[in-house]
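Visitor: These are the residues of each chain, in order.
Protein chains: 2
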Amino acid sequence: MSAHASRTASSAEQAVGDVDAYMASLGLAARAAASQMRRAVTADKNGALRAMADHLRRHRGEILAANERDLARGRDSGLDAALLDRLALDDGRLDAMVEGLLQVAALPDPVGEIDGMRMRPSGIQVGQMRVPIGVIGIIYESRPNVTLEAASLCLKSGNACILRGGSEARDSNAAISTCIREGLRDVGLPESAVQVVATTDRAAVGRLIAMPEYVDVIIPRGGKSLIERITREARVPVIKHLDGVCHVYIDATADPEKALAIAINAKTQRYGTCNTMETLLVDAPLAESLLPRLAAAYAEHGVELRGCERTCRMLRDATPASEADWEAEYLAPVLAIRVVDGMDAAIAHIERYGSHHTDAIVTEHYGLARRFMTEVDSSSVMVNASTRFADGFEYGLGAEIGVSTDKLHARGPVGLEGLTTRKYVVLGDGQVRG
Amino acid sequence: MSAHASRTASSAEQAVGDVDAYMASLGLAARAAASQMRRAVTADKNGALRAMADHLRRHRGEILAANERDLARGRDSGLDAALLDRLALDDGRLDAMVEGLLQVAALPDPVGEIDGMRMRPSGIQVGQMRVPIGVIGIIYESRPNVTLEAASLCLKSGNACILRGGSEARDSNAAISTCIREGLRDVGLPESAVQVVATTDRAAVGRLIAMPEYVDVIIPRGGKSLIERITREARVPVIKHLDGVCHVYIDATADPEKALAIAINAKTQRYGTCNTMETLLVDAPLAESLLPRLAAAYAEHGVELRGCERTCRMLRDATPASEADWEAEYLAPVLAIRVVDGMDAAIAHIERYGSHHTDAIVTEHYGLARRFMTEVDSSSVMVNASTRFADGFEYGLGAEIGVSTDKLHARGPVGLEGLTTRKYVVLGDGQVRG
Numbered sequence: 001m002s003a004h005a006s007r008t009a010s011s012a013e014q015a016v017g018d019v020d021a022y023m024a025s026l027g028l029a030a031r032a033a034a035s036q037m038r039r040a041v042t043a044d045k046n047g048a049l050r051a052m053a054d055h056l057r058r059h060r061g062e063i064l065a066a067n068e069r070d071l072a073r074g075r076d077s078g079l080d081a082a083l084l085d086r087l088a089l090d091d092g093r094l095d096a097m098v099e100g101l102l103q104v105a106a107l108p109d110p111v112g113e114i115d116g117m118r119m120r121p122s123g124i125q126v127g128q129m130r131v132p133i134g135v136i137g138i139i140y141e142s143r144p145n146v147t148l149e150a151a152s153l154c155l156k157s158g159n160a161c162i163l164r165g166g167s168e169a170r171d172s173n174a175a176i177s178t179c180i181r182e183g184l185r186d187v188g189l190p191e192s193a194v195q196v197v198a199t200t201d202r203a204a205v206g207r208l209i210a211m212p213e214y215v216d217v218i219i220p221r222g223g224k225s226l227i228e229r230i231t232r233e234a235r236v237p238v239i240k241h242l243d244g245v246c247h248v249y250i251d252a253t254a255d256p257e258k259a260l261a262i263a264i265n266a267k268t269q270r271y272g273t274c275n276t277m278e279t280l281l282v283d284a285p286l287a288e289s290l291l292p293r294l295a296a297a298y299a300e301h302g303v304e305l306r307g308c309e310r311t312c313r314m315l316r317d318a319t320p321a322s323e324a325d326w327e328a329e330y331l332a333p334v335l336a337i338r339v340v341d342g343m344d345a346a347i348a349h350i351e352r353y354g355s356h357h358t359d360a361i362v363t364e365h366y367g368l369a370r371r372f373m374t375e376v377d378s379s380s381v382m383v384n385a386s387t388r389f390a391d392g393f394e395y396g397l398g399a400e401i402g403v404s405t406d407k408l409h410a411r412g413p414v415g416l417e418g419l420t421t422r423k424y425v426v427l428g429d430g431q432v433r434g
Numbered sequence: 001m002s003a004h005a006s007r008t009a010s011s012a013e014q015a016v017g018d019v020d021a022y023m024a025s026l027g028l029a030a031r032a033a034a035s036q037m038r039r040a041v042t043a044d045k046n047g048a049l050r051a052m053a054d055h056l057r058r059h060r061g062e063i064l065a066a067n068e069r070d071l072a073r074g075r076d077s078g079l080d081a082a083l084l085d086r087l088a089l090d091d092g093r094l095d096a097m098v099e100g101l102l103q104v105a106a107l108p109d110p111v112g113e114i115d116g117m118r119m120r121p122s123g124i125q126v127g128q129m130r131v132p133i134g135v136i137g138i139i140y141e142s143r144p145n146v147t148l149e150a151a152s153l154c155l156k157s158g159n160a161c162i163l164r165g166g167s168e169a170r171d172s173n174a175a176i177s178t179c180i181r182e183g184l185r186d187v188g189l190p191e192s193a194v195q196v197v198a199t200t201d202r203a204a205v206g207r208l209i210a211m212p213e214y215v216d217v218i219i220p221r222g223g224k225s226l227i228e229r230i231t232r233e234a235r236v237p238v239i240k241h242l243d244g245v246c247h248v249y250i251d252a253t254a255d256p257e258k259a260l261a262i263a264i265n266a267k268t269q270r271y272g273t274c275n276t277m278e279t280l281l282v283d284a285p286l287a288e289s290l291l292p293r294l295a296a297a298y299a300e301h302g303v304e305l306r307g308c309e310r311t312c313r314m315l316r317d318a319t320p321a322s323e324a325d326w327e328a329e330y331l332a333p334v335l336a337i338r339v340v341d342g343m344d345a346a347i348a349h350i351e352r353y354g355s356h357h358t359d360a361i362v363t364e365h366y367g368l369a370r371r372f373m374t375e376v377d378s379s380s381v382m383v384n385a386s387t388r389f390a391d392g393f394e395y396g397l398g399a400e401i402g403v404s405t406d407k408l409h410a411r412g413p414v415g416l417e418g419l420t421t422r423k424y425v426v427l428g429d430g431q432v433r434g
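From first to last, the protein sequence lines are chains A and B.
Sequential numbering of the first sequence, starting at 1, is according to UniProt numbering.
Sequential numbering of the second sequence, starting at 1, is according to UniProt numbering.
These aren't lab readings, by the way, just hints derived from the structure by calculation.
All the pointers check out, no bait thrown in.
Computed cross-link-like contacts, EDC-like style, restricted to lysine to aspartate or glutamate with a CA-CA straight-line distance of at most 16 Å:
no.: 1; chain 1: B; residue 1: K258; chain 2: A; residue 2: D429
no.: 2; chain 1: A; residue 1: K224; chain 2: A; residue 2: E329
no.: 3; chain 1: A; residue 1: K224; chain 2: A; residue 2: D243
no.: 4; chain 1: A; residue 1: K258; chain 2: B; residue 2: D429
no.: 5; chain 1: B; residue 1: K258; chain 2: B; residue 2: E364
no.: 6; chain 1: A; residue 1: K258; chain 2: A; residue 2: E364
Chain A with its partners taken away, still in its complex shape (with noise of 0.2 Å):
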């Protein structure tokens, strides 16, 4: 055994006795590592990123050996067959964590980037420099990947993080962050800047989110249930991403071929993701005639429909929706589709139904566009586009650290930015108020 593997099963199996002694001792790390963090300079924080990519291509074997015996202990416990496959690393996957890395690296660096520099009356300069948040708490499942994407993410960006991964993954988890405290240390940045805890006790979890003297933010990964008790007990601001019940729009002033083009990629793209559509609405001039064409290749796709009662009129193979298949996130191949009297009936089922995430309206009328936009509260508002753009990498992000459907702070796909906040900067020569 390696000295890496040894350290590396140690820390997995680390036994903490005391956990709110145990976390305030990871809290306490991560607020001197951040004040550090802060002041480091870009040629650093992207030389910790490449030795990190060098230390995953050099551990390889002991990454995947670690990740093997998470995977024995799931087959041992009856974990389910989708969650094995996010659980399982191979050389595509490291390569693609390698890959990331070297992705962040090359991004530009957020921080010290000054805006609105302005000369006020007074005589003093004032503008806002974008700055680290400080420390921030990631709590996810079981993607050992997401140990990697996050401590990446948090100290490009300037920030110390403590990341709580799945029990399922800790060997993983503990192996990988073995790598990432190897390429701090490389450019003497604090290895405390990036933590990985070593409990798998969930009052773990209890205590990072209510840490406010140790951890400024938590950003949840994870289903709708961890999120929502995340959310409710947290002491601390939470930037999460519930539910993504996206609508697209299809005016009767759309092109049809565009409608089509987009109604079926907005569904069939990838049916998993929190982007994709889930409820459709046709306006009734167009419905008749477009309807049958969209039915058909959906058909194709074996997508399921499930129709208001004018849908169904006009489609036999659609079955009558009920109220809970407007609110519902499918995540599948399932459609809810209704037929509405123009944009404003579609805007009011919009705001009643929808989750506020990505919504789509199809039409080649200016107006209409220009009132969808202002008037639909969503985090991401299209006109003419698949609703599957909604995301950090597709808006020219570089990255992604989650989608926010929160409205404070950020919105829609978090990049680096998202994971800095700027203060105000001052700029005087002996100026006093008057």
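Assemble chain B onto chain A, guided by the hints.
Guide: Same frame as chain A, but now just chain B:
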């Protein structure tokens, strides 16, 4: 009794049977109003503000009479002089309130501004549009002018708001809210865009901060204990303002005349404000020559000095500071003084004892100024300027709903922009994701 006065009285005394049901009805009405306010054009919002100013002028007599009732009740119940002063309205204060409305009407409307619109490789264009947050709950204490100030800023930024003032000011607030409602009605905006909670039952606050389905954010304005309680119990995000333990650090490289002017102004220009300096840090090489001159100036203002050991050796009139003094927000003519050895020691002190509100360095050294700006993690960081400049008006925000000591969403003085958020807008021409 005019119709205005009778409406006012009845609303001030409104019997609210079931507080939960009552607060939910306010929430429901606010949600509906928010969706109309989101679409309101700038001219209507400004028209409502100007109409409110007219109503305030016209109903001056009723408002002052209502205020007199509040004052009489306050005197009977033994409110102290400071509280009674904050509660009192007179012609001058009413004029200032009218003027404030017209100033908000004259500010640029932040809503609808689109930033960073960019063409992506996929052919979609992506940018971010500034939009109202939705429903804002504001909880404040005795000053009735806050009712108008909060209403005008929420209105201008396209939000609906629910205002909960102090029970001492209930008649004044009811009279003012009548003017607000009439102004909204005049231009056809929904009257429930601004709702003043008509019960003094304290349970109303508990409900207001725990209705995420109706309220998007809470802004408490008042003492630290109110804000701490609200933060602890809120089930929605809070934009909060805790202490201002502000520092001025005078480096050995400072221009002594600028240092004197800033240190005197930052402490004595006003004592009770959050951006007043509470601790002065002086670099050792300059202390011997500067401290006696500073002490003489502070003595003229009647400022009590509490110093570290070295300070006390140099200044006879200084009393020894205890550990608690370094953390104190005096809000009074008291100043803690510490002699430190260089900027790093000053920053360490600020980091340990400060409240991350506003901190200034006085120096003529470029490199130190640059480092101080980067390394001090406060909502305002200043070079060669008085901490008293940390203010929405001085910064050019045109208005201020408060000063946030939070890191997320809004940090430092919060103006209209802090009452908005940004959503992504995507313009396409039929693009689908490949």
